[in-house]
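Colleague: Sequences and hints are given; from them, build the entire structure.
There are 2 protein chains.
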Amino acid sequence: MKGIALDIMGGDHAPDEVIKGVKEALEESSSLKLFLVGPEKLVQKGIEKVGVRNLDRVEIVDAPEFVTMKDSLFNYWRGKQKSTIKVGLQLVKEGITDGFFSAGNTGAVMVNARLILEPLEGVERPALAVLLPTDKGFSLIVDAGANSDCRPTNLLQFAHMGTVFMEEFVEKKNPTVGLISIGEEDSKGNRLTKESFRLFSQKVPNFVGNIEGNRIIYGSADILVSDGFTGNVTLKVAEGVAENLLLYFRNAFMKNLLTKLAALVLSRSVKKLKKRLDYSEYGGAILLGVKGIAVIGHGRSKAKAIKNGILATKGMVEKSIHLKIQERMGELNLDV
Amino acid sequence: MKGIALDIMGGDHAPDEVIKGVKEALEESSSLKLFLVGPEKLVQKGIEKVGVRNLDRVEIVDAPEFVTMKDSLFNYWRGKQKSTIKVGLQLVKEGITDGFFSAGNTGAVMVNARLILEPLEGVERPALAVLLPTDKGFSLIVDAGANSDCRPTNLLQFAHMGTVFMEEFVEKKNPTVGLISIGEEDSKGNRLTKESFRLFSQKVPNFVGNIEGNRIIYGSADILVSDGFTGNVTLKVAEGVAENLLLYFRNAFMKNLLTKLAALVLSRSVKKLKKRLDYSEYGGAILLGVKGIAVIGHGRSKAKAIKNGILATKGMVEKSIHLKIQERMGELNLDV
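Chains as they are written, first to last, in my numbering: chain A, 73 to 408; chain B, 73 to 408.
It is possible that part of the hints are untrue.
All copies of an identical chain are treated as equivalent in the list; a pair is satisfied when it fits inside any one copy or across any two copies.
[Unchecked claim] List time: in silico BS3-like cross-link candidates among lysine-lysine, alpha-carbon distance up to 27 Å: (1) K346 - K208; (2) K142 - K260; (3) K332 - K347; (4) K332 - K343; (5) K245 - K347; (6) K332 - K344; (7) K266 - K142; (8) K208 - K327; (9) K117 - K142.
Just so you know, these hints were derived from the structure itself, not from any lab.
Modeller: Here it is in structure tokens:
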């Protein structure tokens with residue numbers, strides 16, 4: 073493996089927490105090689121401050137600019153040619169690294185990954201895939217935000233790309249595919265999902281039909297397909313409600329001495345739940361359908377989330393997810 | 073007040089729980105008059121079995137057919153002319169009752185309310201409005217499922233109809249309006265929300281911009297506007313996640329003697345949360361924009377939910393919500 077390019081300036085806690093994540097990742101994986109992409113002096117200083125070891129497996133690649141959460145589409149599309157995101161993705165494009173990870177601006181990574189890495193042969197629209205924790209484990213939401221307006225053929229490709237990801241990376245056998253919709257019957261939904269339902273019935277072997285919003289958390293399908301708008305709303309509403317209820321219980325636990333004791337008694341269950349809901353436990357969002365591996369971490373990522381994101385990226389590289397998707401798209405001949 | 077027509081066959085627990093709800097509602101409100109719509113003999117038997125008092129405020133209206141959750145659109149649109157839903161709505165249409173409540177098939181009530189009651193002057197698309205419990209109280213989702221595919225002008229009307237409902241029925245002063253979308257900036261969203269954002273900026277005085285999925289539960293806007301597909305997914309995902317986490321805590325509480333004691337200590341907080349999340353506490357979904365009051369309860373409604381639904385319907389009738397919406401639409405001259 074050649075290594076992973078890492079956006080040092082990505083996320084709310086960059087660069088400090090990112091570099092702490094680097095340290096942890098290098099210590100956890102002895103075969104990991106990292107290309108740290110950022111303003112050279114800043115990276116150098118950060119490495120010293122954090123005390124990163126294993127420097128023989130680290131290279132610094134200078135990128136003087138970086139995209140913020142407030143940058144406009146124009147800025148991260150046409151402007152900032154020397155941004156950490158563009159330089160990092162360029163390393164993948166040129167074959168210098170095998171993958172790229174950033175906890176930065178999701179829109180910027182997506183737009184640039186499409187432009188720089190380019191879509192795979194036959195892929196109309198790359199899509200963002202995110203694992204949502206459920207009662208049964210995980211369901212993969214595709215598209216979680218890359219394409220706000222879609223056609224049925226886009227969704228068909230999302231279904232197959234998601235299937236490859238679940239089979240190869242999550243190692244789920246025969247993963248089921250559902251359409252996020254507003255009723256179980258094929259007659260329910262909007263124009264997009266109704267047409268997609270017909271298409272999926274013919275061209276997605278493990279299609280289990282429409283999945284209503286309230287069934288999503290029960291893991292009713294391994295892969296939840298939708299346009300990027302609906303997928304993003306679904307993901308964010310689920311995150312928001314879960315976070316809010318955890319906060320509610322935290323406040324309830326803190327009321328008085330007795331409730332604090334109760335919290336102690338329940339601490340194992342609460343920890344388990346927190347772990348289940350904690351995005352920092354599992355990698356990040358991957359952009360499926362481009363020529364290379366590009367993974368995006370949560371903007372709030374701290375060291376642990378960064379470490380897990382880097383290692384997940386490495387795992388996806390090792391499984392050659394993008395090549396497997398390319399193969400599958402060729403086999404399928406989806407006629408789109 | 074002339075009275076409320078009630079669908080005796082609506083919901084999973086009809087007719088028994090519905091008639092229990094009738095009994096409770098009549099006992100709670102001494103000015104309530106009910107028209108029980110259903111197969112006459114069945115209603116008569118139910119009244120005797122449950123022991124409904126206040127029979128001077130009850131009339132039975134025979135409707136031999138009823139719509140099930142499995143009926144097709146065709147069945148509830150063209151067929152079953154003598155269904156409880158059609159007969160009940162006809163009573164409103166003819167001015168025999170002031171409103172209609174059903175815990176039955178939502179699609180059937182919506183379709184028939186549009187056909188029988190008809191849209192208000194100038195309303196392009198009636199919309200389903202549902203109160204979602206949040207951290208701060210309630211936010212109203214419009215549209216929660218009546219119109220899967222919408223235009224920006226539809227959403228503009230939803231915003232104003234929702235505003236009237238929040239001002240008049242919930243008695244919220246100057247309620248704020250947000251668009252459910254996937255980013256805060258006006259440039260984020262899909263085609264529909266981006267165009268709607270521009271329109272709202274000009275024509276909705278209390279517009280607070282896009283609301284992302286994770287902010288919804290924090291009550292970031294009093295009225296959450298979206299197409300019926302997105303609104304329904306939002307509502308159902310929120311319900312599903314909340315229900316699932318409550319189940320998780322219930323299981324955690326039941327583990328052993330100590331956890332049961334912990335549950336006891338926390339019981340006040342848990343009860344408060346359950347009450348907040350319990351749909352049976354607050355009325356139901358109202359179809360805004362038709363000539364009359366039509367309210368739809370949760371399919372799982374038991375007696376208490378039916379009672380609250382009936383009383384909420386009565387409250388909306390007393391506030392003449394539909395007439396106030398008609399007035400507002402006239403004043404606004406929305407040019408759609």
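Colleague: For each hint given before, does the structure comply? Return the numbers of the non-compliant ones in rising order.
Modeller: none
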